[in-house]
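Participant: The task is simple: from the sequences and hints, build the whole structure.
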Amino acid sequence: MRRRDFLKHTASAAVLPSIIDGFSVKAFSTSPMLAALQGAATDNDHVLVMIQLTGGNDGLNMVIPLDIYDKYQAARSNIAIQQGKVLPLANNIKTGIHPAMTGIQQLYEDGKVCILQSVGYPSPDYSHFRATDIWLSGSGAKDILNTGWGGRYLGFEYPNFPEGFPNADAPDPLAIQIGSLVSPVFQGTAASMGIAITSATDFYDLLENPPIDPVPNTHWGDELTYIRLIAKQSDKYTDSIKLAASKVTQQSPYPANNDLAAQLKIVARLVAGGLKTRMYMVSTGGFDTHASQTEAGDTSKGYHAELLGKVSAAIKAFMDDLTKLKVSKRVVGMTFSEFGRRTKSNGSMGTDHGAAAPMIVFGDYVLQGVLGNSPNIPDAASVGDNIPMQYDFRSVYASILEQWFCVKESDLKTILLDDYQRLPIVSGIACGLITSTDDVNQNAGINYITNYPNPFADKTYLKYKTKGGHTMIQIFDTTGRLIQVPVNKIHTPGDYTITFDGEDLPNGVYYARFQNGTIQQVRTMLKVR
Amino acid sequence: MDRRQFLTLSPTRHKTAKAPMGRTDSGIAPFTGAFETAQAVHLLKRALFGASPADLSWAKGLGSMDQAVDALLTPLATMPSPPVNNYGDDATGIAPGATWVNAPAYVRMEDDPLGQNRQRSYKAWWTGVMLNQTRSIHEKMVLFWHNHFVTETQTVTDLRYVYKYNTTLRQYALGNFKALTKAITKDPAMLIYLNGNLNGKTAADENYARELHELFTIGKGPDSHYTEDDVRASARVLTGYRVDENTITSHFDSTQHDFANKQFSDFYGAKTVTGKTGPAGETELDDLLNIIFSQPECAKFIVRKLYRFFIYYKIDDAVEQNVIAPLADIFRTNNYEILPVLSALFKSEHFYDPLNMSCLIKSPIDFCIGLCREFSVVFPPASDYMNAYEAWDYIRDFAGKMLQNIGDPPLVAGWAPYYQEPMFHEMWINTDTLPKRNMLSDYLVQGQGAPHNLKIDVLAFADQLSDPGNPVTLVKDSLDLLYRVDVSDSLRSFMKNSILLSGQSPNSDYYWTDAWQAYKGNPGDVATRTVVESRLKAMYKFIMDLSEYQLS
Numbered sequence: 001m002r003r004r005d006f007l008k009h010t011a012s013a014a015v016l017p018s019i020i021d022g023f024s025v026k027a028f029s030t031s032p033m034l035a036a037l038q039g040a041a042t043d044n045d046h047v048l049v050m051i052q053l054t055g056g057n058d059g060l061n062m063v064i065p066l067d068i069y070d071k072y073q074a075a076r077s078n079i080a081i082q083q084g085k086v087l088p089l090a091n092n093i094k095t096g097i098h099p100a101m102t103g104i105q106q107l108y109e110d111g112k113v114c115i116l117q118s119v120g121y122p123s124p125d126y127s128h129f130r131a132t133d134i135w136l137s138g139s140g141a142k143d144i145l146n147t148g149w150g151g152r153y154l155g156f157e158y159p160n161f162p163e164g165f166p167n168a169d170a171p172d173p174l175a176i177q178i179g180s181l182v183s184p185v186f187q188g189t190a191a192s193m194g195i196a197i198t199s200a201t202d203f204y205d206l207l208e209n210p211p212i213d214p215v216p217n218t219h220w221g222d223e224l225t226y227i228r229l230i231a232k233q234s235d236k237y238t239d240s241i242k243l244a245a246s247k248v249t250q251q252s253p254y255p256a257n258n259d260l261a262a263q264l265k266i267v268a269r270l271v272a273g274g275l276k277t278r279m280y281m282v283s284t285g286g287f288d289t290h291a292s293q294t295e296a297g298d299t300s301k302g303y304h305a306e307l308l309g310k311v312s313a314a315i316k317a318f319m320d321d322l323t324k325l326k327v328s329k330r331v332v333g334m335t336f337s338e339f340g341r342r343t344k345s346n347g348s349m350g351t352d353h354g355a356a357a358p359m360i361v362f363g364d365y366v367l368q369g370v371l372g373n374s375p376n377i378p379d380a381a382s383v384g385d386n387i388p389m390q391y392d393f394r395s396v397y398a399s400i401l402e403q404w405f406c407v408k409e410s411d412l413k414t415i416l417l418d419d420y421q422r423l424p425i426v427s428g429i430a431c432g433l434i435t436s437t438d439d440v441n442q443n444a445g446i447n448y449i450t451n452y453p454n455p456f457a458d459k460t461y462l463k464y465k466t467k468g469g470h471t472m473i474q475i476f477d478t479t480g481r482l483i484q485v486p487v488n489k490i491h492t493p494g495d496y497t498i499t500f501d502g503e504d505l506p507n508g509v510y511y512a513r514f515q516n517g518t519i520q521q522v523r524t525m526l527k528v529r
Numbered sequence: 001m002d003r004r005q006f007l008t009l010s011p012t013r014h015k016t017a018k019a020p021m022g023r024t025d026s027g028i029a030p031f032t033g034a035f036e037t038a039q040a041v042h043l044l045k046r047a048l049f050g051a052s053p054a055d056l057s058w059a060k061g062l063g064s065m066d067q068a069v070d071a072l073l074t075p076l077a078t079m080p081s082p083p084v085n086n087y088g089d090d091a092t093g094i095a096p097g098a099t100w101v102n103a104p105a106y107v108r109m110e111d112d113p114l115g116q117n118r119q120r121s122y123k124a125w126w127t128g129v130m131l132n133q134t135r136s137i138h139e140k141m142v143l144f145w146h147n148h149f150v151t152e153t154q155t156v157t158d159l160r161y162v163y164k165y166n167t168t169l170r171q172y173a174l175g176n177f178k179a180l181t182k183a184i185t186k187d188p189a190m191l192i193y194l195n196g197n198l199n200g201k202t203a204a205d206e207n208y209a210r211e212l213h214e215l216f217t218i219g220k221g222p223d224s225h226y227t228e229d230d231v232r233a234s235a236r237v238l239t240g241y242r243v244d245e246n247t248i249t250s251h252f253d254s255t256q257h258d259f260a261n262k263q264f265s266d267f268y269g270a271k272t273v274t275g276k277t278g279p280a281g282e283t284e285l286d287d288l289l290n291i292i293f294s295q296p297e298c299a300k301f302i303v304r305k306l307y308r309f310f311i312y313y314k315i316d317d318a319v320e321q322n323v324i325a326p327l328a329d330i331f332r333t334n335n336y337e338i339l340p341v342l343s344a345l346f347k348s349e350h351f352y353d354p355l356n357m358s359c360l361i362k363s364p365i366d367f368c369i370g371l372c373r374e375f376s377v378v379f380p381p382a383s384d385y386m387n388a389y390e391a392w393d394y395i396r397d398f399a400g401k402m403l404q405n406i407g408d409p410p411l412v413a414g415w416a417p418y419y420q421e422p423m424f425h426e427m428w429i430n431t432d433t434l435p436k437r438n439m440l441s442d443y444l445v446q447g448q449g450a451p452h453n454l455k456i457d458v459l460a461f462a463d464q465l466s467d468p469g470n471p472v473t474l475v476k477d478s479l480d481l482l483y484r485v486d487v488s489d490s491l492r493s494f495m496k497n498s499i500l501l502s503g504q505s506p507n508s509d510y511y512w513t514d515a516w517q518a519y520k521g522n523p524g525d526v527a528t529r530t531v532v533e534s535r536l537k538a539m540y541k542f543i544m545d546l547s548e549y550q551l552s
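The listed protein sequences correspond, in order, to chains V and H. Position one of the first sequence corresponds to residue 1 (the numbering used here), numbered consecutively onward. Position one of the second sequence corresponds to residue 1 (the numbering used here), numbered consecutively onward.
Calculated from the structure, these hints are not laboratory results. One thing to keep in mind: the hints can contain errors.
[Claimed, not checked] Listed below are the simulated DSSO-like cross-link pairs for lysine-lysine, each with C-alpha atoms no more than 27 Å apart in a straight line:
| # | chain 1 | residue 1 | chain 2 | residue 2 |
| --- | --- | --- | --- | --- |
| 1 | V | K242 | H | K182 |
| 2 | V | K232 | H | K496 |
| 3 | V | K236 | H | K401 |
| 4 | H | K496 | V | K310 |
| 5 | V | K142 | H | K520 |
| 6 | H | K436 | H | K455 |
| 7 | H | K314 | V | K232 |
| 8 | H | K455 | V | K142 |
| 9 | H | K271 | H | K182 |
| 10 | H | K436 | V | K232 |
| 11 | H | K271 | H | K178 |
| 12 | H | K436 | V | K236 |
Facilitator: Here is the structure:
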């Protein structure tokens, strides 16, 4: 990481005007800021840990909307979490989390968790395979990319990889997958940028030099043993991994029978051991809960509860371990899933494939908060209703790249292939950026976007208020399909009105999503006969 | 049927040596077991470069193991067209696209670009011939003989001779070994390579004579007892052969020939080659070869080389007694015809003994060309010779970097993995070459990194399997063809669940089936194609990255 660039940011911070791109400058005195920066500068090799929840996590039961609890309960009465059991979040009355996630609740209270509501993308795909590919490649619904967003970021930082790697500046793997297969998220244009450390047991095998998997005492057994030996020796990163791991002789306890915890324990050990690897991917599955996701008698318990409990306990143990190992400042983690699930539950006490869902981002430098409003739930939910997106998942990637990996704004487009709204997820201290103090959430009473008439039969007027700069309005249907983008350009500050012609559209609910700077708001519109 | 039953089935079991535990004592009695996928793949991978799904269907469709072996041991009916000028400027006036193999002689300059150009042209051409092989062991035998009767292009330098040498190997590859030895002795490239063309009566040059005994016919095993005098005598027999650069042939110049008698040692029955003057002096070569080939060690030496090339490097007492000796008998009985030996070997219990299978480390050529053939990698057509030669040369160069540069073995003894104790073929695999193997397979399966759009069409490959929509069957069929060893259920499950199903529930095989059928129903749609293609790429990359893929 280029420390010189990082310090350049900080020097100019003192002389910037008070409003830039809709961000307001936090008034901070120079000395604590610089002191913090000094501390960060000496060892600021930042790490991102991506936690993939495979199967499509039911985000609506993970992050529960307390401010519209009645609508939530009505939409999925057979699996809705009991209001009294929802875990409250510090400094927040609108949102709570699943009862099994006491670890996340504690971390939130410690100021280390940011929850983003309704993260998705236009015209979402409901197929596991395609949706997974979209999230990992950072593509749009219609684009087929052969690279992963992580791979493109690492390729941007290390353009010659793998030629001349490892070297003195980059002695360690650029990315590590805990698992036997390197995730497509790390695929670069020329090569995969990551290596795989096989499951937990093999990792410990790697460290402790045990006998190789037993093969029979035959000719082919002998030859296979030989080739495997050479394969292990050829892995040029084996030594650096072993070296890093050897420096950590003790770790805090992790929950047993928890595959995610086992993976995160390895990550903690490697980070604490000084490995300069920037990105880690871990994963846990089983989230495709089409049926029986809760217990009939007690919806706070059951299969989904166990899954979430494991995720929460694993993350908490991981953070505690990192803290005790004194490397917690180096790490930001995030959970994601290929899609959320349907607003309305089905008759099997489960939920079917859905669209937008919340993401949990955690770390010492993460800004405490719930970004966005509670998910948009109709009064009478029907089987076709899906949660409309409030944030594009690529905005989350862009924000992390800029705020945590200190990628310059002008370079974000190279990696993410388009410009995306940045959100205040990580403290500006991490990269010496200006941090917004705007409440990006919609305060009660401020309507950034409305429409009239509503309901409408053919035309409706969209009225919106922008603070200036890039302003966008997207129109989605209830499947999340992007119907139109009636507004998408730079504005001067002010109020505007445009006409939206829905004459040819089928009757039903439509969402008008307004975006301006870090602000977004989703307006529900109803087209009738 | 278990292995013990299978081994006791053979009726003619006599004079067999007992092998230690985990080792085999099977011999050359005919294999009578079932000829199924495992046996067919084994046979194909040894006889050909790699085994494609189509090769497997063909082999099993022939009806029996005997018919499959007979088909594979059929010599080529027509020889491949010769290499052409793919390099442009040619000092001898050969036009681009025309063959240079009969070009006029030319005066070589320093930093001879024509020599280097033709060297690359020859090597690319030969690689192309192997890539396009028909279902015959012929091409593997050409490679075998090249490693036996070695010449190096960088020593011979005039590639017209090298091409001719290649045709000599090809002509006799499945023919008569004694005739091959005679032809090679007089081959212009060999005469240049081992100084035969300078060998004259004034002071005989022993280079070829020595190698004739040491490397080409008798070897240096414990039963080899030829003497230095035998070498000197042979050198005198071989005096007088000269190369004509205009006709690209050799001839016998009796004025350069030492026509005194040549006496051989007891090892050779104390025989004498009577010296002859004039053109008859050339027949002393026949006399010499008769003497050498009367020595029983000759047949054994060649059989051992065939064994190490096609079966395994370890020749213990059991193998020596149960396989080498009887095959050597067959070789001699058939007057050194090669086919009867190969036929007996490839039809034997020993060949199909599970203890003898799966243990050959693929040589670089076997690996690179086999990979391209198994996956039907598409190359530019031969008619587009500039691009075709470049693409073939890319593969040849990769194999060269893996230590097998065809046309130029490191020494006259051939490639070390075929003879160097104690590691033999393990020498192909080291911390430099193994990653290179992974790199080639990665480039091709990812469809990125190799020129001329060389890539593996994973969809076309999977489509040839019995039921690609069923992920369990897809994994099984792929492994049955690509691996020679069994893998654990947990690895198979991993491939299905973590790769094909992307970590979804293991009970959701239908996700893969649906995705495959969606692609088949609409193959032009990029999105549906990419969903299955990306997962297949990941699976085949995973399969080829594991050590198991290096075994043949």
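Participant: Of the numbered hints stated previously, which ones are contradicted by the structure, given in increasing order?
Facilitator: 1
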